[in-house]
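Protein sequence lines, in the order shown, are assigned to chains V and Y.
Position 1 of the first sequence, counting from 1, maps to 1 under our numbering, and the rest follow consecutively.
Position 88 of the second sequence, counting from 1, maps to 88 under our numbering, and the rest follow consecutively.
I should point out that these hints are in silico values taken from the structure, not numbers from a laboratory.
One or more hints might be untrue.
What the hints assert, rightly or not - Derived lysine to any residue pairs resembling SDA-like cross-links, with alpha carbons at most 20 Å apart:
id	chain 1	residue 1	chain 2	residue 2
1	Y	Lys90	V	Arg295
2	V	Lys90	Y	Arg295
3	V	Lys90	Y	Lys90
4	Y	Lys57	Y	Ile35
Unchecked claim - Distance windows between CB atoms, simulated:
id	chain 1	residue 1	chain 2	residue 2	range
5	V	Asp10	Y	Arg158	51 to 59 Å
6	Y	Ala323	V	Asp138	14 to 22 Å
7	Y	Tyr111	V	Ala67	53 to 61 Å
8	V	Arg42	Y	Arg295	30 to 38 Å
9	Y	Ala323	V	Thr11	29 to 37 Å
10	V	Glu41	Y	Gln240	38 to 46 Å
11	V	Asn91	Y	Val300	51 to 59 Å
12	Y	Arg158	V	Gly48	36 to 44 Å
13	V	Asp233	Y	Cys210	47 to 55 Å
14	Y	Gly305	V	Gly48	46 to 54 Å
15	Y	Gly305	V	Phe113	45 to 53 Å
Beta carbons: idealized from backbone N, C-alpha and C, even for Gly.
Here is what each chain is made of, one letter per residue.
There are 2 protein chains.
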Amino acid sequence: MAARTLTPPDTRVAVGVDLGGTHVRAALVDARGTIRARAEERTEATAGPDRVLAQIKRLTDAILADAPEEVVGIGVSTPGPVDTIAGVAKNIPTLAGFVGYPLRAELQKQYPFPVILENDGIAAAVGEWRFGAGRGLDNIVYVTISTGIGGGVIADGRVLRGRMGMAGHIGHMSIAPDGALCPCGGRGCFEAYGSGTALAARARMAAVGCGDTVLGRDGGGIDGRSVFAAARDGDRLANQLVDEEAEILGRGITSLLHIFSPDIVVVGGGLSEEFDRLQPGLRSYVATFAMPAFRDVNVVKAALGQNSGLVGSAALALLADAAREER
Amino acid sequence: MAARTLTPPDTRVAVGVDLGGTHVRAALVDARGTIRARAEERTEATAGPDRVLAQIKRLTDAILADAPEEVVGIGVSTPGPVDTIAGVAKNIPTLAGFVGYPLRAELQKQYPFPVILENDGIAAAVGEWRFGAGRGLDNIVYVTISTGIGGGVIADGRVLRGRMGMAGHIGHMSIAPDGALCPCGGRGCFEAYGSGTALAARARMAAVGCGDTVLGRDGGGIDGRSVFAAARDGDRLANQLVDEEAEILGRGITSLLHIFSPDIVVVGGGLSEEFDRLQPGLRSYVATFAMPAFRDVNVVKAALGQNSGLVGSAALALLADAAREER
Chain V
1 MAARTLTPPD
11 TRVAVGVDLG
21 GTHVRAALVD
31 ARGTIRARAE
41 ERTEATAGPD
51 RVLAQIKRLT
61 DAILADAPEE
71 VVGIGVSTPG
81 PVDTIAGVAK
91 NIPTLAGFVG
101 YPLRAELQKQ
111 YPFPVILEND
121 GIAAAVGEWR
131 FGAGRGLDNI
141 VYVTISTGIG
151 GGVIADGRVL
161 RGRMGMAGHI
171 GHMSIAPDGA
181 LCPCGGRGCF
191 EAYGSGTALA
201 ARARMAAVGC
211 GDTVLGRDGG
221 GIDGRSVFAA
231 ARDGDRLANQ
241 LVDEEAEILG
251 RGITSLLHIF
261 SPDIVVVGGG
271 LSEEFDRLQP
281 GLRSYVATFA
291 MPAFRDVNVV
301 KAALGQNSGL
311 VGSAALALLA
321 DAAREER
Chain Y
1 MAARTLTPPD
11 TRVAVGVDLG
21 GTHVRAALVD
31 ARGTIRARAE
41 ERTEATAGPD
51 RVLAQIKRLT
61 DAILADAPEE
71 VVGIGVSTPG
81 PVDTIAGVAK
91 NIPTLAGFVG
101 YPLRAELQKQ
111 YPFPVILEND
121 GIAAAVGEWR
131 FGAGRGLDNI
141 VYVTISTGIG
151 GGVIADGRVL
161 RGRMGMAGHI
171 GHMSIAPDGA
181 LCPCGGRGCF
191 EAYGSGTALA
201 ARARMAAVGC
211 GDTVLGRDGG
221 GIDGRSVFAA
231 ARDGDRLANQ
241 LVDEEAEILG
251 RGITSLLHIF
261 SPDIVVVGGG
271 LSEEFDRLQP
281 GLRSYVATFA
291 MPAFRDVNVV
301 KAALGQNSGL
311 VGSAALALLA
321 DAAREER
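Okay, chain V solo, but in the shape it has when bound:
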């Protein structure tokens, strides 16, 4: 007997753009989340909006050159805070000239299909929700840990946006009174303790007073990567630093469990490449200090790696198209 209903294969595709402080990346993504084509350039971060928009156009033209399918839209992920309701970049610290800039309207002039604008943490959360580690779940907290800490939240099966679409700046919850200065101007932020930048700074301080470590020996620079590398080689100080990092992340994530009650926490960003080393300490913190009803929530590594935001911004364009069809 034949199946009663046959859904036709979804042949829609969308463009995802990940506009970052160092790279602009564009991809053609299909309805299964597969990247069909991609292109990237170093961001002309100091050149001003016109040049950056021209970069985006150049990259998307390249990937659209031989796109046979119906392109339903383009999603652009941008560093925040950006008012994605009004479509205006308020003041992007990593990109010169994006101050009160009507980013969505200017992008829209370039394309015949709808433009979606999204804060980068939220776009990455959407990527993991639709096609990554949070697939099929309704409540997801995505945490990205790299030079800073950002995030995005899916709650009750919907993207959490908040006023001006600026929800999810979880790197700027205060975790220490009168604490370390944060790039945001605040003190004691999660980002100021848990980011890769903060880990490297702690490592440089600690290495100065420690004779018994390979960190910084031979005048080599110390960054997050070198701390993990030294830890793998058995360096005691490096392992202490990594254990401390896991504890800081565990403490921040435990707070997020209580605040959002997610089904899962997905960890992305550069530091997530070292997730296997961080996970035991992180899990131990959650198991000890989360309230009992929250202890069994899984904390996992992002499945899409560095593509969460790229795929997520395309997914937002596909979702918007599906919503238009429903109306």
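Following the hints, complete the assembly by docking chain Y onto the known chain V.
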């Protein structure tokens, strides 16, 4: 010319129940949020679920005795964490015997109309959203400060529930490393520093070493209320303690601004009676340490006072009824 459409006056009413650790309160609430009748008793907190459910029935019978209108449902606000999706109380610390207890099903047996169950912080947030200080806004963070700290969130025009409906336990975000023990078992929680209980404990400690204060003089006990009273009388130590309290609350609320991007923060609970004294310090913290895009968000006192949860739980029953009608 007559108006084209005349909406009939909404004559629906619902019952709200606020089940707390010290009092059970019930009210008949109309579609404008007005309390038409109310009743309360001290909670038989150690007597077990049967007795507490009998209390609720007795109170609701009393207020329904002469309710002429159509009662569309009952909303029950309960201390958390309660799995409001499954309707099961996991383990309510303040009420004996509510462990794995099918609270919604047992309540439903008592009533001919639908029962809605909600965590107390969320119910109070809904009260302020529909009928209080957050009326007409889509993004609200409600913070209740009394013996503990709780909360509830409205985001993008919807109630934020999360896994098992347990979102909004904002009192248990960690604000200090290796910090003060919290009743939840954690360390350094917002509740362990910012609650009325924590303020009183700090005051007792400080008064011991201070000759120049009225706090605790004549062997009198020190609680939150007496600290504010002494501050009003010009007591230096009391004013320092209150300023510190405002700073702690400001720090927690600044984190919540970044995390949720609300249109407004509404402060309820016992300590909100002293909101006017706390507001300048609180506002100053936000204005200094929130990221610029978040600084203009208002922090206000709950408009419904101690009735936020009572009215909010009835509002949830009214909303559920409206949703049923739409289907």
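Against the structure, test the hints numbered earlier, and report the numbers of the ones violated in rising order. Of the numbered hints, 3, 5, 10, 11 do not hold.
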